[in-house]
Amino acid sequence: MGELHTGFFGSVDEVVERLAKAGYLASQAVATTVFLADRLGKPLLVEGPAGVGKTELAKAVAAVADARLVRLQCYEGIDESRALYEWNHAKQLLRITAGRDGGWDAARTDVFGEEFLLPRPLLTAIRNDGPTVLLVDETDKADLEVEALLLEVLGDFQVTVPELGTIRAARRPFVLLTSNATRELSEALRRRCLFLHLGFPDAELEERIVRLRVPGLDAALAASLVRVVNALRAMDLRKAPSVAETVDWARTLLALGADRLDEEVVRTSLGVVLKHQEDIVRAAEKLTPA
Amino acid sequence: MTGATGTNDPAARLTGLVRALRGHGIPIGPAETVDAAAVAGALGFADRERLREGLAAAVLRSSTQRTVFDPVFDLFFPLGVGRPEAAREQAAAPDVEELRARLAEALASGDRTALARLAGEAVDALGRYGSAPGSDGFSAHQALGRLQPETLLARVLAGLGRDSAGTGSAGAAFTDRLEADEVRRRIREFRARVGTEARRRVAELRGTERIAARAVAPTVDQLDFLTAGREQLAELRRAVQPLARKLATRLAARRRRAARGQLDLRRTLRRSLSTGGVPLRPAYRQRRPGKPDLVLLCDVSGSVAGFSDFTVLLVRAISEQFGRVRVFAFVNRTAEVTHLLTGPSAAPAGAARRILTEAKVAGYHGSSDYGAALRQFADEHLTAVGPRTAVLVLGDARTNGFDPDTDALRRIAAAARRVHWLNPEPPSQWGSGDSAALAYAQVVPMHPCRNARRLTALASRLLPV
Numbered sequence: 001m002g003e004l005h006t007g008f009f010g011s012v013d014e015v016v017e018r019l020a021k022a023g024y025l026a027s028q029a030v031a032t033t034v035f036l037a038d039r040l041g042k043p044l045l046v047e048g049p050a051g052v053g054k055t056e057l058a059k060a061v062a063a064v065a066d067a068r069l070v071r072l073q074c075y076e077g078i079d080e081s082r083a084l085y086e087w088n089h090a091k092q093l094l095r096i097t098a099g100r101d102g103g104w105d106a107a108r109t110d111v112f113g114e115e116f117l118l119p120r121p122l123l124t125a126i127r128n129d130g131p132t133v134l135l136v137d138e139t140d141k142a143d144l145e146v147e148a149l150l151l152e153v154l155g156d157f158q159v160t161v162p163e164l165g166t167i168r169a170a171r172r173p174f175v176l177l178t179s180n181a182t183r184e185l186s187e188a189l190r191r192r193c194l195f196l197h198l199g200f201p202d203a204e205l206e207e208r209i210v211r212l213r214v215p216g217l218d219a220a221l222a223a224s225l226v227r228v229v230n231a232l233r234a235m236d237l238r239k240a241p242s243v244a245e246t247v248d249w250a251r252t253l254l255a256l257g258a259d260r261l262d263e264e265v266v267r268t269s270l271g272v273v274l275k276h277q278e279d280i281v282r283a284a285e286k287l288t289p290a
Numbered sequence: 001m002t003g004a005t006g007t008n009d010p011a012a013r014l015t016g017l018v019r020a021l022r023g024h025g026i027p028i029g030p031a032e033t034v035d036a037a038a039v040a041g042a043l044g045f046a047d048r049e050r051l052r053e054g055l056a057a058a059v060l061r062s063s064t065q066r067t068v069f070d071p072v073f074d075l076f077f078p079l080g081v082g083r084p085e086a087a088r089e090q091a092a093a094p095d096v097e098e099l100r101a102r103l104a105e106a107l108a109s110g111d112r113t114a115l116a117r118l119a120g121e122a123v124d125a126l127g128r129y130g131s132a133p134g135s136d137g138f139s140a141h142q143a144l145g146r147l148q149p150e151t152l153l154a155r156v157l158a159g160l161g162r163d164s165a166g167t168g169s170a171g172a173a174f175t176d177r178l179e180a181d182e183v184r185r186r187i188r189e190f191r192a193r194v195g196t197e198a199r200r201r202v203a204e205l206r207g208t209e210r211i212a213a214r215a216v217a218p219t220v221d222q223l224d225f226l227t228a229g230r231e232q233l234a235e236l237r238r239a240v241q242p243l244a245r246k247l248a249t250r251l252a253a254r255r256r257r258a259a260r261g262q263l264d265l266r267r268t269l270r271r272s273l274s275t276g277g278v279p280l281r282p283a284y285r286q287r288r289p290g291k292p293d294l295v296l297l298c299d300v301s302g303s304v305a306g307f308s309d310f311t312v313l314l315v316r317a318i319s320e321q322f323g324r325v326r327v328f329a330f331v332n333r334t335a336e337v338t339h340l341l342t343g344p345s346a347a348p349a350g351a352a353r354r355i356l357t358e359a360k361v362a363g364y365h366g367s368s369d370y371g372a373a374l375r376q377f378a379d380e381h382l383t384a385v386g387p388r389t390a391v392l393v394l395g396d397a398r399t400n401g402f403d404p405d406t407d408a409l410r411r412i413a414a415a416a417r418r419v420h421w422l423n424p425e426p427p428s429q430w431g432s433g434d435s436a437a438l439a440y441a442q443v444v445p446m447h448p449c450r451n452a453r454r455l456t457a458l459a460s461r462l463l464p465v
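Sequence order for the protein chains is P and U.
Counting with our numbering, you get residues 1 to 290 for the letters of the first sequence.
Counting with our numbering, you get residues 1 to 465 for the letters of the second sequence.
Everything labelled a hint here was simulated from the structure, so no lab data went into it.
Note that this is a predicted model, so its numbers are computed, not measured.
You can trust all of the hints, since none of them are fake.
Cβ-Cβ distance ranges computed for the label pairs, FRET-style:
no. : chain 1 : residue 1 : chain 2 : residue 2 : range
1   : U       : E231      : P       : E285      : 18 to 24 Å
2   : U       : Q148      : P       : A20       : 37 to 43 Å
3   : U       : R388      : P       : G271      : 42 to 48 Å
4   : U       : L157      : P       : T268      : 26 to 32 Å
5   : U       : E231      : P       : G165      : 54 to 60 Å
Pulled from the structure, derived: some chain U residues nowhere near chain P, Cβ distances all over 12 Å:
no. : residue
6   : T15
7   : R19
8   : R102
9   : A104
10  : E105
11  : Y129
12  : G130
13  : R146
14  : L205
15  : Q222
16  : L263
17  : G371
18  : Q376
19  : G386
Covered by chain U, according to a simulated footprint, are these stretches of chain P (three or more residues, beta-carbon under 8 Å):
no. : stretch
20  : 34-46
21  : 226-233
Note that beta-carbon positions come from the ideal geometry of N, C-alpha and C, so glycine has one too.
Pulled out of the complex, with its shape left as it was, chain P reads as follows (with noise of 0.2 Å):
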């Protein structure tokens, strides 16, 4: 077993620094956690509506330390060939026919070799030598059999193959996994992991998000934004703007060569934040009565 933590950062402020320095502008409560993740050697498991940066921050994670980005994107139907290990069944077939002579001993020992086994991202995962960010997307997806499955890789860090037996981890990955909480994670998971509900922003954080991703937009706009984006959060709707959305539509307002919010503004371009008809009318009619 390697080191108990995977050492990124020295501290929380060096999280914020380090990540500000990757584009990634954390508040308080992410850098914490991530470096708590980083010291306790803790899986991180982030929660939290689409669309807030949940998977950015493993990128950013990943790009400041210098390390390699398995990704394991969860789906329903997901399984243990797709996201552990898998053996190369045709090349095992092609090993037996090409060695016929060799006699089933030989063949038994060499076609469950290493060079048979396809690894999947929870085994390069493990088996990487070097800093390792481990990103396990929206596992609220893949069936509770999965989840089984990641408890060994996220309590033990280490893969078991039969044939070959149990592999341990050289250096603790840094995992991350993320879910919009479309179901409920088992009670053993979380045990295992550090907790983050990662929500909206602060207006203030926004802004800085928003300025840093669309540089060439004037601040009073960008602040002008965040404040009809809160306005439309606090609206009951069926889907609310995320970061992401603020992003977009401040993209688009510098595309439309907009200088200002005004009713027209926002009238033609409220597709670009809601995404449901409903909601555009709703919104529509609390922001620009007639």
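Chain P is already provided as a structure; the job is to place chain U on it using the hints.
What follows is chain U alone, placed relative to chain P:
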């Protein structure tokens, strides 16, 4: 210094915090406590907000628990001890007018640190009550009552209006419309801060553990339906979507398991022909995936509005799981409201209001009459109920003195596969006054259902698969 905050032993504080959180129904195991200690070790106690986030990451498992965690944390790791710094600096206590003026200024600029400082000063200057030791304390209610931050709204807006009139651009005029809402949000935040501050001061007098056990609001899913305020109900509504999704997954998993049928010997043998008679792939007898029917019959009168509103939303959200869900609402007349709740255009908010205004659920008077409603349902809508239908009746069974008509319920129960009654009142109140709960409970099983947590648990147990 009296009370538990006086102790400076970090381990005692951590365990005290964990105990208090457990007391509020947040399950925290010893492993998490150890994690919390590791977190405190890694972060130190110097930066309070970092410690807050770190401990939350270690002990919490969902974002709804934050509403309990934050106030409890504020109690065990208070911002300061005794009178706030700002109040100590001044020779004379500030009077109400001066505080109001400074509050208006801070609200206009949205200055968070100033608001926090003002909350401390307000509690110190306006919130103290009692004179004898033991009976005195601090009251957020009293401080806010004297300060009346809501009445500042107009003054704040007027001040801002003068400023933006100076710039005079149309763009500013547009975002100005948001100003009132923003200031209102800030006022709400300020109120919460005053509450926190008052709790902290009281905790110093009375002991942290006692205050942590009593004065912290419960998590959303433990809010009592009948006593929840308007704002709390709005919060409940927001919680409905995730709750419903959780419930839907649980039901789907149950259905998947139930669908795994028995071994089909004939088809297994036929399949085995292709593998030389070795039954490599067993075939199972598939059951027809029939979706069960659900009929909901709910009281939407004012007394149980929060309860029925919430339940209807929950059912609407899981209705994709069911082939046919039909919802009937009643006060003293029964009407089908399914069309008001389903379909893409039905917004979850205000469902209850729409039912009351658009459906004929009340006759010439506005109080609920279970007997009449049940009778009307049994007479006119019994075709909705078949031998595969589960019926849920929602209401407090308070008949306002009218005939409960248990026979009507009996007729419904005879037609349905199962009937369950969910009652937001605790069993101790059943049968008291005008409640016909006990009479109905003899006809169909009745379950007490006071909060969202209980409702979710009941729903996953009672809903047919």
